[in-house]
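**Q** Produce the complete structure using the sequences and hints provided.
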Amino acid sequence: DSGVTQTPKHLITATGQRVTLRCSPRSGDLSVYWYQQSLDQGLQFLIQYYNGEERAKGNILERFSAQQFPDLHSELNLSSLELGDSALYFCASKKDQQETQYFGPGTRLLVL
Amino acid sequence: AQSVTQLGSHVSVSEGALVLLRCNYSSSVPPYLFWYVQYPNQGLQLLLKYTSAATLVKGINGFEAEFKKSETSFHLTKPSAHMSDAAEYFCAVSEAQNFGNEKLTFGTGTRLTIIP
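Those protein sequence lines, which keep their order, are chains S and W.
Counting in my numbering, the first sequence runs without a single skipped number right up to 124 at its last residue.
Counting in my numbering, the second sequence runs without a single skipped number right up to 179 at its last residue.
You may find that some hints are simply not true.
Only some residues are given here: those of chain S computed to face chain W with a beta carbon under 10 angstroms [stated by the list, open to error]: (1) Q18; (2) G70; (3) P117.
Hints are computed from structural coordinates only; laboratory data are not their basis.
No residue lacks a Cβ here, since even glycine has one placed at the ideal position from N, Cα and C.
**A** Right, here's the structure in full:
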């Protein structure tokens, strides 16, 4: 158990819909990262938040957005969903001045 | 820019045999390097990491890796494979001391199968 929690574990929805994925980082971790794992793209960095502020962006679609709240939990919002958005979405967290990102169990999204 | 190449998307070894999973990286600045393991239907678990200290790094479950700057490699080894090692293994790189931009760039993964 990494100490990072993600909800829900599984999500099935239809094209065009909007979903929200939630991540709670390890205690004391100010940085939260979101990654997408898909069969065709592999593991890709989406976005990083640090203490409530966006810090870095990767290959994140405009239909996707994220935020980090004062209690440091983060949400990834996916809208106008397409079949190709079906993937495993991971959240990771990290402490300042340390190198290791600790990953949550992921949310498996299936868009039908 | 940084990138990771993992040679061999599938590797099969017999139980008790040497495990060797290959990883080559590219980075314009000194890298941090990581190996993560993913068991079926689970998240990513850190096996070991290189952060510019010792070039031979020991991790959990008997795995180790050696950082070779001249070869830009960070291959993962284990002397004797166990059935429980069957999983997918990912090599990843981040930019050392680039605080504020510590994203991980992953390789495409290597699925390790252990033959009884």
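**Q** Look at each hint and say if it fits the structure.
**A** Okay, the hints, checked on the actual structure:
{"no.": "1", "hint": "Q18", "verdict": "holds, 8 angstroms"}
{"no.": "2", "hint": "G70", "verdict": "holds, 6 angstroms"}
{"no.": "3", "hint": "P117", "verdict": "holds, 4 angstroms"}
Hint compliance for this structure: no hint is broken.
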